[in-house]
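Undergrad: Residues per chain are reported as follows:
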Amino acid sequence: MSERSQQTDRGHDSRPIAITDLTLRVGRLPDVAAVWNGLLAGRSLESTTATLDPVELIASALRRLTTPERPQPLAIVVCDSSAPGAPVRRRDLEVRLAPCAPTDVRVWSLGGGSESGARALDHAGELLREGFSRVLIASCELDRGAIVGLMPLSVAVSSRTPVFAVIDPGAFQPAALRLGSESPAAQSDLASESAGDCPELWWWSPEHALHLSQTFTSLLPLAVAALAVRERMIPPYGPPPSGTKSTPATPWVHGLGAGPRRADIVLRADGSERIVRLRAADEPGVLLQHSVTAWPAEPFLMAAESAAALRAEVATLADRLAAVPAIFSMTALAESVYRDEGLARLGFVAADRQELEDRLRVAADLLDGVGSSMRAKRIGVHLSLPDATPTGVQGPPSIAFMAPGIGSAYPGILRSQALSFPPVMDTLDDFAAAWPGPPGDLCNSLYRVGVAASAAWNDFDWSGAVGSMAVMASARLLARAGLEPDTLLGFSNGEMAALLLAGAMQPPPGMTRERLIWDTAASGRSRRCDGLIQTGRMVAVHLVDQGRERLGELLEIHAGRVFLAIDASPKHVVLFGLAPEIDRVVAALDEGANICLHLPFDRPFHTPLYREELEPLERLLARLGYRKPATRIWSCAANAPYPSDPQRFPGVVKQALTGTVRFREAIESLYARGIRTFVEIGGRSQLVGYTKDVLRRRPATLVGLDREGGDGARIVLDALATLFVAGVRIDLGGLRPGPAQLMDFGIVPGPDENERDLIEWVRTSPPEALGEQDPAEHIQAPNTPEPARGFPDAIPRGLTPDRIALMHRQLALTRQFIETQERVALGFIAAARARKPREVALPSSTPRAVSHGPFDGPAREVAGGVELDLLLEPDRDTHLDHHRLGRVPAGEESRPERPLPVMAMVMALEVMARAASGLSGRNGSGPLAFLGVDGLLGKRWISVPQRQSRLRIRLQGRHRDADGLERLSAALFAPPTRDDEPAREAVSAQVILGTASIPLEPVQTRGAPFATAWSMADFNRLALFHGPAFRCLDRLIALREDGLELTAVAPRRDRLFGPDRQAEAATPAALLDAVGQAVAFWLLARGTRWFTAFPVAIDRYRQTGDLPAPGDRVACSVRVRQQGDTLVADASFARPHGPVFARMDGMRLMVYHPFQPMLSRLYWRENQPLLTTGGSATDARRLVRECPEQLVDDLDLAGGIFVAALARLVLVETEQQAGNRPEDRLPAGGDGKHTDLLMRLAAKEATIVWLREHEGQSPDHLDLCVELTEEAATQGHLARIRPVGNWADRLRGALPPVKIERVGRRIRAVIDMQLNAAHAIEHEQSITHKTRVEWTT
Amino acid sequence: MDNLTQAQIQDAVLLCIQDILADTDLELEEPLGAATMLNTDLCLTSVEAMELFAMLDLRLSLRLPYEALVMADGQYRDELTVGELVEFAFTHQDAPAPRPQAM
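Chains as they are written, first to last, in UniProt numbering: chain Z, 1 to 1337; chain W, 1 to 103.
Bear in mind the hints are in silico, worked out from the structure with no lab data behind them. Some hints could be false.
Quick list of simulated restraints, FRET-style, between CB atoms [to be verified]: (1) Z:ALA587 x W:ARG77: 36 to 46 Å; (2) W:ASP19 x Z:ALA559: 28 to 38 Å; (3) Z:GLY560 x W:PRO31: 44 to 54 Å; (4) W:PRO31 x Z:ARG627: 55 to 65 Å.
We put the CB at the ideal spot given by N, CA and C, even for glycine.
Sequences are here, hints too, so could you generate the full structure?
TA: Dropping the structure here:
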């Protein structure tokens, strides 16, 4: 434990570990390939899962990592994201993995949860310090048979060992992260795998070395974390409390023998995109960064018509900022407020919430007239307000780009900009490609630090060339942002850069501009080395008072020996002189209190003496091509625009190099010509200072893109904000890094005799067009020309609906993992230690009988816990009855294809809660009450095949956590369908009990409501919702962009929920179930009708205080977001004007299209696992084709909810004549049975609406039967609707007949109220067109 | 002439900064401290920083060898604090007038 004591307060261990090299490619794992191809071949996931043992998969990975040559011990840290409390088979893992590796294998289990990944990294670091050569972090869902990620972290690995691989058998797209080698010549410690490409310029561009699919961009933080571990900066790494915070560098020793290097990680934890940057500050070439946006801050650019309007915008943004959650997208927020129309303009850059708040406050103060201009300038809040009496030219300002030259470059220039802006990186790449020496030399030269390195920058030619490189990069950046100058002004040798930028000077054929710049630099160097150039001394002079007049006198006295090389500004000049005259001039200037600074240049640049050096340059200039520039170029030497004749350009260039740089005069001239915006493109922003000195207080916008010692990227963003405020149009989109590159199929690199290449398989599979929407389109990457699904060509053909459904499920599983990893990367736990929960025994004595309510008999002890039996009686359990998917007629219970009641997930919650609180009794503080659950997960349908069914609940693993709450693992088991089948776990959760009440916050939704004050009947009338028909939901208050607010009425209780005094309900289960209905309501309101949403999980549920009594009206707020094909809802319930008594976070609803096979499974396989898909896509059609009577009967006999939806499936598929095979075709339009079905459907639905409209009754399809008769007289049909069950008495005599008419190609069901003919309700169904429901009254 | 104290020098620096800022739209909103940075906090350009040095020389009747302050390893420093300037002036107030550096 001594190592722990070495940790700093931040948790850093400063003791280095010799991690060498960097893992590169994902190795091929045969098991994964077999699983993947098996799934694609149509085998069900269950059967596939059965062949994939996750332990075996880990073992397979282990075999790849270990060799007999490396006998060091191996540790495995398993993070099991299964349902909380699920035991991790540590022993099993150890026993089974031991033979796989020739070394000692130990397994550590950290359980699941969002922090498990972070703890794993922390733990891995400890293990590495303790001597394990390899630590494998396995992120699993063992109860689902899934390994979602393996991350080997090794002390010394080969260049081919995988860093990270998502090998979830459910992965839609096997993701591979390939991270570039830091040295192409890295030594391999292990035998290398199949060869792969090594990018040439890897170290310039992370993009070269980083390949990932669009889907898995979130994996990058973890990958970078792996790199951090590899680089021996071991997390933990506490997130900063607010804003961005750099961590101190932690040195390590480079394994390849170079000197120590340092790095820092910038982790932005609040308020912006997640960025983890690993930078090497003094090691050449290693620049690694992950960021989705790659910007250190976000520009906020706002415009309005007036100051008052802008002030209102600022206030609105401040309000929105106050309402956003802890983690939000700064980019999205900035984009949402962007507006560039308006004369009142505000621009600033903010990295996180804190900065944004500060800047908004400063902006508000400025607009209110009480702000500090100094503070605004210091933090970069730029504001421009329209003049009361506008004068002069309106419109975007004229812009001059100023290209600096000598002295603008410095060590480390452009590093930050290169990492953030692809155009800059591209430019550096271009220059690296043109570099005459090895690319590494250029990198070394640019980024090496130290005295010796700095001395290299005193090389006139090198400095000038790099300065030109910076000019080109900056110009390219601005061009990508939509900025083009009206005038280009070159300072010193920046004139050449200006000519190149304007296209006025063309390199010789076969030579790039970049190479031209390098050659120009080399030519001067060679002349100097030959001793052919007269040298002297360059001195920068700051002139005071009469200094300029005195200088003029001195120059006249010493003409020909001392020259004015640069006249930068009224106060700043640069002289060149030969000894001893230059010393005399300097002494004289000193006497006048002018300040003279020696410059490290000795060549007569910008003097007539420089002509001696021009010979090679003249030869070079003669080889170049010249043309009229696309942009006006202003010559500092001539203080005039470049001549119209391009052939005169060489002469102007020579004049520029041998004459005074008349920058001061040039600025005056440009200003006189209306230029008001001056942008320095290049390093240091020295020209900005000169320009400011020239213009003094005259109005102008002066912007630089760089400053030595500053964050270059942030300076660029601030410059763009400044320009925006000055009226320049900015296109930020052009600067953002593009989408991640598509991955290549490295995980299946080559087929063997039992496998096929994925692409080849897809291409050769026969197409099975079905006409439905390709769900894969939902995951289309933005801004990409084609979907980023990993398929190289167009949408792959040959994917059947069930395969697509399968992939959806797989993708959901993988995305769940991704979200976990995002939280891991974001949260880097500072000192996470897995605390072993204190075990609390369940009552050792005979468990107290829990035999009231739904429980049947006393609890009984089993190994590790207790079990209870639960009795379900649909006829007595009203809420269960409401959730049946069909009604079993008397005497037909044995028919397996009948739709069955299904136990809602929240009912499972209720019974778990009651069982847990009933058995747990009390603790030292008092009786334990049910407070909620974590991780409620529905895994399988619980259907009730009999009138009475017995389920089993198991409770185990009781323990007390650090907050004093007691936690129990609960599981509900579905009854087996056959005697020889075991009971299967259907629902699991961790139940939480406690003695104190907990405060709950309401769920907030945002945005202006786009629908208010509807009644559920109103909406039901319009949308024909086929769910449990809003049994609790009462009235819609507001429908918003991200959710809805409603009222609900607590329903009466039934047997299941305890009508008697002793058995009060433990949860407001019916209200909770209404959340799912509310989500469906929200979906319908947003225009989606063809879907099924089914809740499958609740991440967190809490309740406090008393539950509402039956009939109590409560307020409900539901917030919905989409994650792939899953909807996630948060909901809170509160009494009117009262506190929140229940809150649910993360109710997850799987959303299916009706074409999913789930519907058919309801008929054929009641025990099909919920969270797996499979089955044949033709089941639904087969059902309809073979059993149309079945459907009709169901509809007649008040068939289940999904019958109507299935009927719609029939209608749509009929219309589209799906399937090429005759046996797949549905009954054609006009078929008697088909029409019959439509008529029954129309009649029933018309009746439902009529009842709601005019009788205030709300039955649904379950409660009505249809009897259809033909009327010979009218040649139509008459439908008589008969209520059943509880509705029989309530609606006795209340149902009018329904006339069924065929009107052209439509079927119309009409309820003609004799009392008021204006209230006839018609329900139309189209036989041939897309089904549409119309209501006319 | 008695040597100047650091406090006197700091006062002189403050007055010079105020004079420079008077020529702009910016006002000094916070008290200057030793850690105040000329570029980052006061937004002074290099030209304005040199002007500050010149004004300081005039106000203190000194000729300080600023080259040693602003140049390091042949490169201009990118930032300077008030404290560093005050310390430099205090330390070098007795230095002879600067002479041109030999190559």
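Undergrad: Are the hints correct? Go through all of them and say.
TA: Comparing the hints with the structure gives:
Judged by the Cβ atoms, the range 36 to 46 Å given for Z:ALA587 and W:ARG77 is violated: they are separated by roughly 25 Å. For the pair W:ASP19 and Z:ALA559, the supplied restraint of 28 to 38 Å holds, since their beta-carbon distance comes to about 36 Å. For the hinted restraint 44 to 54 Å between Z:GLY560 and W:PRO31, the CB-CB distance of approximately 52 Å keeps it satisfied. Distance hint check: the CB atoms of W:PRO31 and Z:ARG627 are about 58 Å apart, consistent with the given range 55 to 65 Å.
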